[in-house]
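S.K.: Work out the full structure, taking the sequences as your base and the hints as a guide.
Chains A and B supply the protein sequences, listed in that same order.
The numbers in the first sequence follow the numbering used here, run straight up by one, and end at 345.
The numbers in the second sequence follow the numbering used here, run straight up by one, and end at 90.
Fair warning: there could be bad hints in the mix.
Below are the DSS-like pairs computed for lysine-lysine, each with C-alpha atoms no more than 25 Å apart in a straight line [stated by the list, open to error]: (1) B:LYS69 to A:LYS174; (2) B:LYS69 to A:LYS180; (3) A:LYS180 to B:LYS33; (4) B:LYS69 to A:LYS97; (5) B:LYS75 to A:LYS97; (6) A:LYS91 to B:LYS69; (7) B:LYS33 to A:LYS174.
Pairwise CB distance ranges, derived in the manner of DEER restraints [unchecked claim]: (8) B:VAL51 to A:ASP204: 26 to 34 Å; (9) A:SER205 to B:ALA14: 29 to 37 Å; (10) A:PRO96 to B:ALA14: 45 to 53 Å; (11) A:PRO66 to B:ASP38: 54 to 62 Å; (12) A:SER89 to B:THR18: 39 to 47 Å; (13) A:GLU76 to B:VAL51: 20 to 28 Å; (14) A:VAL94 to B:ALA14: 39 to 47 Å; (15) A:ASN59 to B:HIS81: 35 to 43 Å.
It is worth saying that the hints were derived from the structure and are not from the lab.
Heads up, the beta-carbon is just placed ideally off N, CA and C, and yes, glycines get one too.
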Amino acid sequence: MDKLFDRRIVFVGGKGGVGKTTTAGALALMAAESGRRTLIVSTDPAHSLGDVFDTRIGNEKTSLGPNLAGLEIDPEAEAEQHIATVKMSMKSLVAPKMYREVDRQLDLAHHAPGTMEAALLERMADLMAEARERFDLLIFDTAPAGHTIRLLSLPEVLGAWSDGMLGHRDRSRKLGNLLKVFGRDHAREDSFGMIGGSKEEPDDSRDGRIQSILLNRRRKFHRARELLTDPTITAFLLVINAERLPILESKKTLDLLKKFNIPVTGMIVNRLLPSDVDGEFLRERRLQEDQYRAEIEQTFARLQKVYLHLLPHDVHGVETLREIGLHIVGQLGDSSGDASRPIEA
Amino acid sequence: MSWAGIKKKLRWLAYLATEAYNAPYRGAVARAKREQDDLFMLLIFSEMMGVPNPATYYTLELQPIMLEKFHEWHKRAGIEHSPLDDFRCC
Numbered sequence: 001m002d003k004l005f006d007r008r009i010v011f012v013g014g015k016g017g018v019g020k021t022t023t024a025g026a027l028a029l030m031a032a033e034s035g036r037r038t039l040i041v042s043t044d045p046a047h048s049l050g051d052v053f054d055t056r057i058g059n060e061k062t063s064l065g066p067n068l069a070g071l072e073i074d075p076e077a078e079a080e081q082h083i084a085t086v087k088m089s090m091k092s093l094v095a096p097k098m099y100r101e102v103d104r105q106l107d108l109a110h111h112a113p114g115t116m117e118a119a120l121l122e123r124m125a126d127l128m129a130e131a132r133e134r135f136d137l138l139i140f141d142t143a144p145a146g147h148t149i150r151l152l153s154l155p156e157v158l159g160a161w162s163d164g165m166l167g168h169r170d171r172s173r174k175l176g177n178l179l180k181v182f183g184r185d186h187a188r189e190d191s192f193g194m195i196g197g198s199k200e201e202p203d204d205s206r207d208g209r210i211q212s213i214l215l216n217r218r219r220k221f222h223r224a225r226e227l228l229t230d231p232t233i234t235a236f237l238l239v240i241n242a243e244r245l246p247i248l249e250s251k252k253t254l255d256l257l258k259k260f261n262i263p264v265t266g267m268i269v270n271r272l273l274p275s276d277v278d279g280e281f282l283r284e285r286r287l288q289e290d291q292y293r294a295e296i297e298q299t300f301a302r303l304q305k306v307y308l309h310l311l312p313h314d315v316h317g318v319e320t321l322r323e324i325g326l327h328i329v330g331q332l333g334d335s336s337g338d339a340s341r342p343i344e345a
Numbered sequence: 001m002s003w004a005g006i007k008k009k010l011r012w013l014a015y016l017a018t019e020a021y022n023a024p025y026r027g028a029v030a031r032a033k034r035e036q037d038d039l040f041m042l043l044i045f046s047e048m049m050g051v052p053n054p055a056t057y058y059t060l061e062l063q064p065i066m067l068e069k070f071h072e073w074h075k076r077a078g079i080e081h082s083p084l085d086d087f088r089c090c
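M.R.: So, in structure tokens, the structure goes:
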């Protein structure tokens with residue numbers, strides 16, 4: 001994990017409320033201050049990236065400082081744009097009296113399950129392809145785990161889907177060619193007047209358009225999948241708290257990520273109580289925390305870990321982020337030392 | 001009968017023979033292609049027919065292209081007018 005910033009894409013994931021956005025923000029700040037052009041992208045529909053940086057970030061890349069830009073993906077806006085494009089091309093094909101039908105039909109599609117996710121994934125894939133030229137590092141602050149896993153598995157599922165669709169087209173095209181050998185092509189049909197719609201688009205040109213749309217899709221999905229599964233390009237960081245539920249969920253997440261061949265690089269154990277807490281209540285919590293820490297050590301033995309203490313104040317603004325970032329980077333660089341000893345905040 | 005006339009007759013006979021041989025195959029191949037295309041159509045418009053589709057977002061952009069074919073398809077299926085409430089092509 002010590003070469004974390006040499007990767008091109010870093011995902012920060014974990015259960016809701018464990019401190020993903022803060023960690024991602026701190027990492028982004030550190031990367032930017034080390035001279036890497038960094039883009040931090042929030043994919044959580046309930047964005048809080050702007051709040052952490054104490055500024056407003058929208059669906060457009062916003063500068064957050066030298067070398068650092070932020071972006072909060074708005075899947076709603078993405079989907080709307082996609083559907084508007086389809087509407088346009090559909091309307092160019094149907095009679096004007098049909099426009100209302102087209103609008104109605106496509107507005108329904110907007111609310112279909114999966115539309116938002118697909119739009120989100122589309123934007124992420126575009127960013128991953130585009131970031132190569134303009135940024136050295138792309139950090140994704142992801143939504144709570146389950147959602148992200150689904151998202152990361154989509155390129156595989158949809159890749160298979162577009163393969164299947166192309167397969168159908170291919171078989172159909174081959175049969176069409178065979179048909180021509182047997183001497184029944186469009187020119188002939190038209191000269192005999194057997195088919196009324198001679199103004200109709202020839203099948204070949206239609207096939208070509210379908211083919212190119214599907215091929216484009218497939219290329220995009222496969223490319224995204226290639227990037228995601230390459231451990232020299234992508235790193236996945238799990239953020240966790242020393243509590244029961246985050247541990248259980250992280251276990252599941254880890255298994256799923258393994259299933260989809262997405263490399264998990266390290267774990268950030270966040271919000272640990274400082275050792276010198278006072279009061280009976282906090283001492284008891286710390287005892288419990290020690291048990292869970294032991295469990296984390298055992299369960300995730302193969303992951304490098306970074307330990308962060310609970311801060312006495314909320315995180316917002318660049319100053320606090322830098323403070324956290326320095327702790328993370330300090331522990332990353334000091335991998336020869338005792339990694340299990342947290343650096344005091 | 002002139003030489004040209006004989007040639008013309010022979011060409012006609014050759015055509016008939018070819019057709020007699022080809023026609024059954026042509027029918028079978030055309031049917032196979034149509035079945036393949038119908039399946040594709042079903043996949044593209046599946047959501048409208050109540051079949052859940054994991055890739056609606058992506059089939060959407062293929063719908064405009066398949067619009068003309070959709071009309072042919074429901075005619076062939078023996079349905080006079082478009083079977084979909086939301087999608088009337090005729």
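S.K.: Determine for every hint whether it applies to the structure shown.
M.R.: Hints, verified against the model:
1. In summary, the hint linking LYS69 (chain B) to LYS174 (chain A) is supported, as the alpha carbons are separated by about 18 Å, within the 25 Å threshold.
2. Only pairs whose Cα atoms come within 25 Å are accepted, and LYS69 (chain B) paired with LYS180 (chain A) is accepted, the gap being roughly 20 Å.
3. Restraint check for LYS180 (chain A) and LYS33 (chain B): satisfied, since their Cα atoms lie roughly 12 Å apart, inside the 25 Å limit.
4. The hinted pair formed by LYS69 (chain B) and LYS97 (chain A) meets the criterion: a straight-line CA distance of about 19 Å does not exceed 25 Å.
5. Taken as a hint, the LYS75 (chain B) and LYS97 (chain A) pair is honoured in the structure, with Cα atoms around 21 Å apart against an allowance of 25 Å.
6. The suggested pairing of LYS91 (chain A) with LYS69 (chain B) holds, with an alpha-carbon distance near 16 Å, which does not exceed 25 Å.
7. Of the supplied pair hints, the one linking LYS33 (chain B) and LYS174 (chain A) holds, its CA atoms being roughly 9 Å apart against a limit of 25 Å.
8. For VAL51 (chain B) paired with ASP204 (chain A), a C-beta distance near 29 Å keeps the hint of 26 to 34 Å intact.
9. Take SER205 (chain A) and ALA14 (chain B): their Cβ atoms lie about 32 Å apart, and the range 29 to 37 Å holds.
10. For PRO96 (chain A) and ALA14 (chain B), the Cβ-Cβ distance of about 51 Å falls inside the hinted range of 45 to 53 Å, so the restraint holds.
11. For the pair PRO66 (chain A) and ASP38 (chain B), the beta carbons lie near 59 Å from each other, so the given range of 54 to 62 Å is met.
12. Taking the beta carbon of each, SER89 (chain A) and THR18 (chain B) are about 42 Å apart, inside 39 to 47 Å as hinted.
13. The hinted window of 20 to 28 Å between GLU76 (chain A) and VAL51 (chain B) holds, with their beta carbons roughly 26 Å apart.
14. VAL94 (chain A) and ALA14 (chain B) have their C-beta atoms about 45 Å apart, which keeps the hinted 39 to 47 Å range intact.
15. A C-beta distance of roughly 42 Å is found between ASN59 (chain A) and HIS81 (chain B), which places it inside the suggested range of 35 to 43 Å.
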